[in-house]
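A.B. asks: Residues per chain are reported as follows:
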Amino acid sequence: MDPATGHDAVADVAVENGRIVAIGPDLDATGFEVFDATGMIVAPGFIDMHVHLREPGFEHSETIETGGRAAAAGGFTSVCCMPNTNPVNDSAVVTTYIIERARRLSPVSVFPIGAITKGSLGEELASIGAMKQAGIVAISDDGRPVMNARVMRRAMESAKAFGLPVINHCEDLNLSAGGDMHEGFESVRMGLRGIPACSEDVMVARDILLAEVTGAKYHVAHISARHSVEMVRYAKARGLNVTTEVCPHHFTLADSDILPFDSNYKMKPPLRSCFDVEAVTEGLASGAIEVIATDHAPHPGSEKMQEFERCPFGITGLETAIGLSLEQLVHKGRVSLMRMIEMFTVNPDRILTLGKGRLTVGGEADITIFDTDRKWTFDLNKSQSKSRNTPFHGREFLGGQVASIVAGKIVWQLG
Amino acid sequence: MGTGLLGIEGLDRSEIEAYLNRAKTFQSHGGSDFKKLDTLRGKMLVNLFFENSTRTRTSFEIAAKRLGADTISIASSGSSVSKGESLVDTLNTLAAMRPHAIVMRHAASGAPHFLARYLDTPIINAGDGMHEHPTQALLDALTILDHKPALEGLRVAIIGDIIHSRVARSNVHLLSKFGAQTVLCGPAPMLPQDMGKLAAGVILTNDIREAIDGADVIMMLRVQLERQHETPFPPGDYFRFYGLRPEHLALTRPDTIVMHPGPINRGREISSEVADSQRSVILNQVENGVAVRMAVLEKVMGA
Ligand SMILES: [Zn+2]
Ligand SMILES: [Zn+2]
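Residue numbers (numbering that gives the first Met the number 0), protein chains in the order written: chain A, 0 to 414; chain B, 0 to 302.
I should point out that these hints are in silico values taken from the structure, not numbers from a laboratory.
Every value quoted in this text rests on a predicted model; they were computed, and no experiment measured them.
Incorrect hints may appear among the rest.
Claimed, not checked - Partial list, derived from the structure: chain B residues whose beta carbon lies under 7 Å from chain A:
| hint | residue |
| --- | --- |
| 1 | V87 |
| 2 | A107 |
| 3 | S108 |
| 4 | A110 |
| 5 | H112 |
| 6 | F113 |
| 7 | P191 |
| 8 | D193 |
| 9 | M194 |
| 10 | K196 |
| 11 | G200 |
| 12 | L203 |
| 13 | T230 |
| 14 | P234 |
Stated by the list, open to error - Below are the EDC-like pairs computed for lysine to aspartate or glutamate, each with C-alpha atoms no more than 20 Å apart in a straight line:
| hint | chain 1 | residue 1 | chain 2 | residue 2 |
| --- | --- | --- | --- | --- |
| 15 | A | K303 | B | E60 |
| 16 | A | K331 | A | E395 |
| 17 | B | K23 | B | E60 |
| 18 | A | K374 | A | E302 |
| 19 | A | K235 | A | E99 |
| 20 | B | K196 | A | D256 |
Cβ coordinates follow ideal geometry from the N, Cα and C atoms, glycine included.
Next comes chain B alone, as it looks inside the complex:
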C-alpha cells in the first residue's frame, strides 16, 4: 500500500505540523506574483471524483499545476453511490494508468481505504462519505493559525449536522491532537453521544449559545440534505435553532472568527450578514486550500 493521506486520525502531531509548516511557505504563492514550480514535473496525478465538488477538485488541480504535475480528472457520471460505477472497474483502469498519486472523493465512507488495499499508488482522501476529509482539516488549521498564535488551548465550536459530517470528524481529530477543545453542537438526532468519545477534549451540546460561549473559532457545517435518509429535524426550524446570525456574534469576543467549509447555504445554516462580515474567514479558507494541497501533493508524490 502506498503512503497517501487517508485521514487525520492516523497521523501524529509532527506529521500534521510538517504539512502545515510547508503549506505556510506556499501561502505567498497565492497571488498574481505566483511562479510555477517544477517539483513534480513529469508526474501524473489522477483526480477521481465520484461526488461532485468543483471547489475541492479545482483546488487540487491548481495545487498540482503549481507544482508542475500533470493532472487527469475523472468524474463519475453519477454523483450518488447507488448509481455510481463499480469500484473494481475503476481499480482496473487505475492500475493500467499507473499514476503517481490519486486524489479521491467518494460518497461511501471507506471507499479510498478499499482502493488503497488493492493499489500500490498512494491515495489522498478528498472526502469519503461521513468519515474523513483530511485536507479540509489541514486547511482549517492553517486558517486558524493565520488568526491565532497556536491551536493549543483554543475553544472551537463546530455547529450543524455533526453525524453526517466528515469535516467535523477530521477537525475533531486534528484539534484534539494539538490540545484544543472542541464543542460539537447540533440537533440531538445529528449529535450522537458517542461523538464525545471520538478524541480527547470534545464536549457536546444541543444549545448553540452554549457552544459559542467563549469560543475562539466557530465552524459552521453545511446541512447535508443528500446524506439524510430521514428528516431528523424539521428543516423549517433549523435556521431558528442552529443558524448562525448577527445576534449570536454579539455574544462572542471581537476576535472570534467564523469558518465554513463551503459551499454555504445562506439562510439555512448561516445568515448572509455573518457570512459576509468581518469575522468571516471563509475566503481565507479557500485560498489556504491550495497551499495545503500543494504541501500534501509534494509530500505524497515527491518521494
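Just chain A, with the same shape it has in the complex:
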C-alpha cells in the first residue's frame, strides 16, 4: 500500500542495490532473496518526525545507536531528532556530529532538527542557515518553547527564507508553571498541580497569527488540546501552511487513565481529558491533523523512581506506535488503513521534504512491513531502547510491525 500513489494491491516488490526495481504481481524471484510478506502490509518506510535520541549529552538515557535500534524495532526507517541535547543542536558542528554518528551507528536514517534559538534559551536566533547546510530538516526549541513572540516572528522569517518548517512545542510557560499533569478534575482529585489546556491553546493561536504574518511553514508538535485542534483547522481553512502531529498516547489515554502517581504517565503535553482525546482522534479522521509522531522521550529508571512531581516529563514510544495506531484508529474504524500509513509516511515527508515515504520504482528501498491481525504483547524487557519509561508494558496488541527495511537492507525483523 502506498498512499502517495494510492496503490493498493497484492504485489511483489523487487529490490536491488538498495533501490526498488519493480513493483507488480507475480514478479520473477529468480536470483533474489525472498521475504515472504503474504497477508501482510508492505508500506513505504515509516517516518517518526519527533523523537529524542539524547545524544550528545544524555547517553545514559538513550544514544543514536540504541534509539535507532528502537526505531527499527518499531517499524520505522527514518526519524527526526529534536535538538534538546547537551550541547543543544544549535550549530552546524552539532548537526554534523549527529549526522556522522548516525551514519555509522544507527540502523535507520536520522534527520536532525536544529534549535530555533541559541541554547534553546529563547533569545538569540541559532545559526539556522549554517545548520540547514549541515543537514537539518526543521527548527524547533522543543521542550523550551519560544515565549517571546518577537523572537518567534524573526525565527519564522528566517526559516521561510531557508526553506525550513518551524516546529513548536506549544506551551505558555507562565500558564503551565509548576504543573505536573492536565489541569482538571483528576489533578484536583490527586492534589497535583495542573497544566491547563489553555497553556497550549494560547501559543497555538499566537503562532498561527505569526505564521500568517510571515508566510512561514509552521508545524504544531504533539497537539493534545481540543481548542488547539480547532485553531489548526481554522488556519488550514485560511490557506495557511500550518500542519500538526499527534502522539499515540494522546489519542489512546486520558487523564482519568493515569495510574495514580505513576510517573510512566507523566509527559508534556500531559494526558488530557476524554474530550481532548476525542478531539485529536476526530482531527486525525477529518484531516485537521496529518501526522502521527511518537515524541519518544527516554529517561532512565533512576529519574522516574521519584515522587511524581520530581520526575522528568516524557515516555518512550517508538515500539508501540503502530500497535496503538491500529488499535485506536484502524480497528475502531476511525481511520482507514491507507490513511494511517499516510500519516506515518508521505505526510511527514511533505512537511520536511526528506525524499522518503514513497514506494517508487527507482527510489530508495525504505520499506515497513506490518500485519493487522497478529496478537502480541509489548514486553518492556525486550525493548531496544535504553530506557524503560512507558505505560504500555504488558499491553496486548492486534497487529504490529514485522520488518523494517532501510535502503534494501533488513535492519530489523520480528524474531
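Dock chain B with the ligands against the given chain A, drawing on the hints supplied.
C.D. replies: Here is chain B with the ligands on its own, set in the frame of chain A:
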C-alpha cells in the same frame, strides 16, 4: 502491598465507622488516669517525616506508646521536596529495618503511594502534599460527633485555601460518604470549579457569609503560604474577606462549632476572639487526634 491507610477516598463507610467507634473507646484514655496498653507490644513503628509537623508526629508517637509499640522517628533534614533526600534511598533503609508500619508525612502528593508500591510494610499517610490527610479527617469526624448526634444531614463549611489543602480533600470524601453537605469557600484562584465534582454534596462559593449561612460546622483552613507558587490573592486582603471573625459567628446558630486543623495563624485566617471562643473546639480536635491514631495503629499493626 501492605494494607495501610493511604487516604479516605478509597474507604467505605463501614471502614470509617469502625475507626471512629474504636477511637471513641480510646477517648477516655486521654486523661491522667490513662493506663498503658500492650496491644502492640514488640512491634515497631517508623515515623517518617519529610515535612515538619511536631503536632502530628507527637500525636502518632503518643498513640503508639499508649498501645505499647516502639517508635523510631526519622525526620528529614530538609522540609521541602526540592531539598529532600531521595525516596529510593529511604526505601532501601526502610526495607532493611523491617518495621511493622510506617507513618509518613511528605510534601509531595502521592509520595506514600509511591513507597507503598515497592514496600510490603503498611503505610499510614500522615499528609501527602495537597492530596490527603486521612487521620485528620477521622479526628475531625470524631470531634464533630462529640458535638452533633450524626454526620448525616449536617452542613459543613470549609473555608480557606482549598486547592492546596489535603485536609479539605480528606474531609470532603469522608463527609460525603456519610451524607453531609460540604460548602467549600475561598478566593477564586484557590477554589477550582472541579473541586465541586470531588464527591457528592459539595457546593462552592467565594462568599464567606454564604458559606457559613446555616452551617453546623465551620472548618477554617491554614493559609499554606509555603505551597503557593504565586500570590493568587493579596495577602493583605485575605483576613478581610476570608478571616473568621466574631461578626461572622453572630450570623450563625448558637450550636455552630468552629474547627481548625492547626497550627492556627491568628489574625490571618481566624481572629483570636473566635479561636478562643466557646464555639471553638480546636483543643478537642488535638485530644481526639491521639484517640483516632490509636484506632488506626491498632487496626493496621494489630493483625
Ligand atoms: Zn515537546
Ligand atoms: Zn519532544
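A.B. asks: Let me make sure I understand: some of the numbered hints might not hold for this structure. Which ones are they, in numerical order?
C.D. replies: Numbers 11, 12, 13, 14, 15, 18, 19 - these are the hints that the structure violates, sorted from lowest upward.
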